[in-house]
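K.L.:
Join the two chains into one complex using the hints; note that each chain is given alone, in its own frame.
Spelled out from the first residue to the last, the chains are:
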Amino acid sequence: MTAQPTLSLDEISTGDELMFERGEKNEAFKILRREAPVRWNPGNEEVKGWWDITKYEDVLYVSRNPERFISSEGIVMFEPRDPEMRLQAANGNGKMLITMDPPRHVMLRRLVNKGFTPRAVRAMEGHIREITRDLLDDIAPKGKCDFVIDVASQLPLAVICEMMGLEKQDWPLMFQLTNKVLGAGDPEYQTDVPEDQRGTNDAARLTGNMGTMGMFGFFAQQLEARKAHRRGDLISILVDSEIEGEKLTDEDLLWFCFLLILAGNETTRNAISGGLMTLCEHPAERARLQADMSLLPAAIEEILRWVSPVTHMARIATEDSEIRGQKIAKGDRVVMWYPSVNRDEDIFPEPERFDITRSPNDHLAFGIGEHFCLGAGFARLELRVMFEELFARLPDIQMDGPVERLRSTFIGGIKHLPVRYTPA
Amino acid sequence: MKVQVNRDMCEGHGKCQSAAPEIFELRDDEISYVLVDEVPAESVARVEAAIRLCPRQAISWVKEK
Ligand code: HEM
Ligand code: SF4
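Line by line, the protein sequences are chains A and B.
Heads up: the first sequence begins at 1 in our numbering, then just goes up one per residue.
Heads up: the second sequence begins at 425 in our numbering, then just goes up one per residue.
One chain only, chain B, in its complex shape (with noise of 0.2 angstroms):
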């Protein structure tokens, strides 16, 4: 599965670093990138908390087609 941050809603609130720094990093420009291309399976519960939590609601699964 892939994940996809918003850079449009991201204010870098740095919550989803927090709950999965494996996935997310806050950079510079505070917006957070995604550092991974596949989301590894230990590592979903942690992106679900992310999306959860993200304040701005700017983190979504990459719709498979």
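Same shape as in the complex, but just chain A (with noise of 0.2 angstroms):
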């Protein structure tokens, strides 16, 4: 056998996007757990510092301190350095159930959070294996399809959308316009930029803007439809939803049918083909899932703290002081990396081993805490639903040609996942 080659310390930096489309972030964060847990990275002449936290317990406490470490100055790795170009990347600060801070917090997502309780997300499993046999329908008597484009990404696609009361018609509109805002690194999304400028740092933003402004287009006309008829979604609550007496604004609803649709979306898409990804890596795995698929809601927890389809939140220090023996000074980003907490060797016996089984299983893929995933259910049942229906219908179906990785340092996203299957 050759030697693998190996990552050291020095070469690793977590704001390297190439790196995590390369796939090469566990080795990374292995590394740094062991040599530099909580480390201080400079940054460069664009963006701020920022430290990188890879150990769980440090996660867990900044989780459950969101007084002092916030999230309305921001919530991913990167802050601009330029002035201009940080009141562009801020503003969505404070505005958004993620990037807001207590108590105004628990007040807007007790708004909505009832829509996402484990009863209502039961009351949805009828008509989610509904569109999944439809997808799967679609699909079947190919023998090979890209299941990231034509299943793994259309059924979070569907179920977001419908619960919002978004009509059929929009919705590859909102599967385009929310890869640009995630994928604006990428430059198979960065569409609105010439060929030959894909790839900038300027190309990245120029598609970020684009998604968003499009985005709140759309949305705006969603509002004013929702204001002249009430329809029962998610939106038409929103619209008659107040705090202490006081109804949202517009603006507040912007930006939370923004971060619904994002969340919704670009998620669980990642956590359904990374998850047939894995089982196709590990056969023997798969084979004792398929031969018993009552394991299957633990091979789910399994497959989230593996893939960790979310790489990182961030917050801001309020105050100084101190993690794991190092100095965190008032105004510091802290930024919490799940993939690496998620194979944390204090709290996951051999945490290299992908084990549908594993007991306990305490990941955070789903973060914790004041901001914990509201999602959660929905993405857990979709996730069931998905390959109870999948390994019934096509349950030879195999990866069939190299998978293509987002390029991105937030989401762990597969673009592009080639597969093959007898035709049913």
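Any given hint might turn out to be false.
[Stated by the list, open to error] Ranges between beta-carbon positions, derived for each pair: (1) A:86 to B:484: 34 to 40 angstroms; (2) B:484 to A:90: 46 to 52 angstroms; (3) B:446 to A:27: 41 to 47 angstroms; (4) A:398 to B:484: 45 to 51 angstroms; (5) A:290 to B:459: 37 to 43 angstroms.
[Said to hold, decoys possible] Here chain A is said to cover these stretches of chain B; the calculated rule only asks that three of the stretch's residues, wherever they fall, bring their Cβ under 8 angstroms from a Cβ of chain A: (6) 425-438; (7) 478-486.
Since the hints were derived computationally from the structure, they do not count as laboratory data.
Fair warning: this is a prediction, and the values are worked out from it, not measured in the lab.
Yeah, the Cβ is synthetic: ideal placement off N, Cα and C, and Gly gets one too.
P.N.:
Written out as structure tokens, the structure is:
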């Protein structure tokens, strides 16, 4: 066996999108956990520095102190140095559930969280199964497809669009726009930029802006329509909601829609496709699952741990503190790396083993605490129904060519996953 | 020791009930209720586990005056 090329600490920067695109993040995080579990990354000429937090206990600590580590000054790693760009990047800060701090955060969350409880989720199972079967009906006779485009992206898209009451004709637009916002750095989605200029920072900025503007334009129309006629969907509920006697402003409503459509779309997709890929790469575990589908709920937790579709959330320190002996100064940005904590050797025995019956399995793929993923129940249900239906219908589905990953430090995305199967 | 569930935070994930069924009960309103006034010594570790596992950080010990 030839020795694998290994990374050294000096070569690792979590700011390097290409490292994620090449699929090297797990190796890098292993080194960080071992050699520099709380590590200052100085950033560069364009972006400010940040702390990489890679151990489980430290992410728990940060997540559980939402007043000491706030969300309202940015939840992603990169903060531009240029003041004008910084303003632009800070546009949504403090305006969405995910970028808001207590106490207003809890009030806003309580407007919608009854729509996401275990009971609300269970009530959707039949419908989610119907959507899934329809999707599989379309691909089953073909014998091969791009699993991401044809299946994995379509179920979450349908579920969140229906919850928000969006017409089917608008779904493809939502797919396009969410890709532009969260895949802004990936040349594939930089379609508003001439081909020879793609892959640059400017191209990424422009693409993100086009996606955001497109979304705001679209949802402004949706709001007007709901104001004229309520429809019983999530947007209509929000239109009528109040916090301390006050209605949400149009701006609040638009940001809420923006968050829901992104969070609903760009996450579960990657858990489904990442899950299928992982199962294909671990044939013994896959066989064990297909022989006994009652193992599926535990297998899904292991898929979530293994894939960790959301790679990070950032917080800003509001006071000086210390984490694992490192001095964190007031104003510093700390970045919590979920794929890393989910393979933390101190928490998970044999973390590099994909074990569909792992127990306990208290992964943090959905975060924890104040901002714990609102859609976790839906994501789990979508995953369960998808794999039940998929393995019933196309039990021999296999990868059929190289996967293409998203160039992003935020979403552990898979853009294309060619698969083949016996037509059914 | 007494334990409490913050109703504003709880979203009915039920991790507490799995960790310490003798202490927490998820009721029809999808909120977890504490079944006992005082947590017996043999349940303390399980309550600690529930506190740690609750995704919403909704469970805490009541501070003694
Ligand atoms: C496997 C799929 C998913 C993963 C891995 C995921 C992951 C996450 C993570 C890591 C957070 C931040 C947690 C924190 O800061 O502590 C989050 C928040 C959120 N997620 Fe998800 N998510 C998924 C699916 C969904 C779905 C399907 C929806 C909507 C239907 C959704 C809606 C949200 C919302 C609204 C928030 C913000 C909550 C808040 O700030 O209070 N997510 N998610
Ligand atoms: S684990 Fe937390 S959120 Fe879930 S039911 Fe118990 S107290 Fe509520």
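K.L.:
Give a verdict on every hint.
P.N.:
Right, here's what the structure says about each hint:
For residue 86 of chain A and residue 484 of chain B, the hinted distance range of 34 to 40 angstroms is satisfied, since their beta carbons lie about 37 angstroms from each other. Checked against the hint of 46 to 52 angstroms, the C-beta distance between residue 484 of chain B and residue 90 of chain A comes to roughly 33 angstroms, which is inconsistent with it. With their beta carbons about 44 angstroms apart, residue 446 of chain B and residue 27 of chain A fall inside the hinted range of 41 to 47 angstroms. For residue 398 of chain A paired with residue 484 of chain B, a C-beta distance near 49 angstroms keeps the hint of 45 to 51 angstroms intact.
Between residue 290 of chain A and residue 459 of chain B the beta carbons are some 40 angstroms apart, a value that agrees with the proposed interval 37 to 43 angstroms. Coverage of the stretch 425-438 of chain B by chain A holds in this model, with 6 residues showing a Cβ closer than 8 angstroms to a Cβ of that chain against a need of three. Coverage of a stretch by a chain is defined here by at least three residues with a beta carbon nearer than 8 angstroms to that chain's beta carbons; for the stretch 478-486 of chain B and chain A the count is 3, and the condition holds.
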